[in-house]
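Protein chains: 2
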Amino acid sequence: MHFTSETSSNGVIERTFTLDDVTGVLWSPESGPAGAPLVLAGHPGGLDKKAPGHVARAHSSVTIDGFHVVSIDAPGHGGRPRSAQDERWVAEFRRARAEGSPSFGHILADYCASVAERAVPEWQATIDAVLALPDIGAHVPIGYSGMSLAGAIGIPLAAVEPRITAARFGWLSEHDSLLAAAKQITIPIEYLLPLDDKEIPRGFGLELFDAFASADKVLHAFPGGHAQVPTDGRLDTRFFARHLGRAVGRPAA
Amino acid sequence: MHFTSETSSNGVIERTFTLDDVTGVLWSPESGPAGAPLVLAGHPGGLDKKAPGHVARAHSSVTIDGFHVVSIDAPGHGGRPRSAQDERWVAEFRRARAEGSPSFGHILADYCASVAERAVPEWQATIDAVLALPDIGAHVPIGYSGMSLAGAIGIPLAAVEPRITAARFGWLSEHDSLLAAAKQITIPIEYLLPLDDKEIPRGFGLELFDAFASADKVLHAFPGGHAQVPTDGRLDTRFFARHLGRAVGRPAA
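Heads up: the sequence lines are chains A and B, in that order.
According to our numbering, the first sequence is numbered sequentially starting from 1.
According to our numbering, the second sequence is numbered sequentially starting from 254.
Bound-form chain A, shown alone (with noise of 0.2 Å):
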């Protein structure tokens, strides 16, 4: 892991780096106390790791919960390469959703699997990495929030990775691969499922949120379109606070 810049802006270090030919970002606590919790943050697909939205939700997990977040570019997305099996890919359903074709959503959820097929590895290098920084540490609770693609992402790496204890998706393209990855899955999860989604069926919602293992799980559904996320407090359930703890000595929400 190869630290390219480090600022601080209101509590908040920025620290970005490559890992291989990875490019990431993390957020850390400007002051607390070691041990902190950690986040990974995947950003959706289309976006990347600096993304307005992605910035500000992390910033509000450092400074309020005195986490850690981590968030890496997805293959393709940020200053990655899009190989040209992708480019493929992207352009196809851009035609689809274009056309309203009813295939948007297959081929999506292709193009999402087989990111994340090699964003699983990259992710399991990237916390390797960070857990060996000296203010971070080999054992602190680790959570992965992501949506969309980012979900795609998350599941399979949540269903194959110990080290993450609780996870936050939603949005999700249908793709078998989801159901058998989450059927592996028995951490607390958090669900997220806007329900007037044009491009996923509501049904797939459900049905993968069924397949969770998990014993603690609760799917928050909610009016509105892709990505359409509410921020004004209906889905809050301070879910990583409750799971992951709260850093010692941070003031509370």
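I should point out that these hints are in silico values taken from the structure, not numbers from a laboratory.
Treat the numbers as computed from the prediction; the structure is a model and nothing was measured.
Do not take every clue at face value.
[Claimed, not checked] Here are the simulated lysine to any residue pairs, SDA-like style, with alpha carbons at most 20 Å apart:
id	chain 1	residue 1	chain 2	residue 2
1	B	436	A	196
2	B	451	A	196
3	B	436	A	195
4	A	198	B	464
5	A	198	B	264
6	B	303	B	264
Starting from the known structure of chain A, fit chain B onto it as the hints suggest.
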């Protein structure tokens, strides 16, 4: 409104009352500012205003949020006589449930709709009487909380009662009158849907949730059967604290 007893414990004043032939209970903070919000807490069918879980939830609203909480026995519940027609209904749905008959849900829903018709004006009279108390006052924010039978009462109540400004429902048996009433409701709604309820198909829960005209609504779905509410925080969005406000000067949760 005639108070029949007053006791106090753990910071909560409990006053039982009668209002015509309705029996009820009002829980209030032992100390705190005037103007605290009021929650109308309906009890599920087969229980009454003093059921232990129901009382525990009321105490928590009083001590954590500084709210007043009022509950009345539904017709035929608690100390209130059951009509001959209600006796027949209850016998019929108990038999249908014991036999595993698919008609169970509809018999229960018809019974709930009949109880609701009688209970709605009783709740309205209760609101009038509580708001006339000098330690409460005519202008406090009001929420309604009720599952199962208490949801079947609360939905038509909220449809006709503009003083209710936020409501929490769940566990509803299928009845067309509920869909019609939900379409009249525009206040913030939180809806609880257990996904393994053998007595109530989840499809109706989603249909009813869709019917609420509220822009600010959220459905929380979770594993479990009828009346098994997770109390581990996964459903806790501080709904009433967000929508009714917190009594000024109460300590934060």
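Hint check results:
1. B:436 to A:196: holds (17 Å)
2. B:451 to A:196: With Cα atoms ~27 Å apart, residue 451 (chain B) and residue 196 (chain A) exceed 20 Å; violated.
3. B:436 to A:195: Holds, because 17 Å separates the two Cα atoms, which is no more than 20 Å.
4. A:198 to B:464: holds (18 Å)
5. A:198 to B:264: Not satisfied, since the Cα-Cα distance of roughly 50 Å exceeds 20 Å.
6. B:303 to B:264: Holds, at about 18 Å.
The earlier numbered hints that this structure contradicts are 2 and 5.
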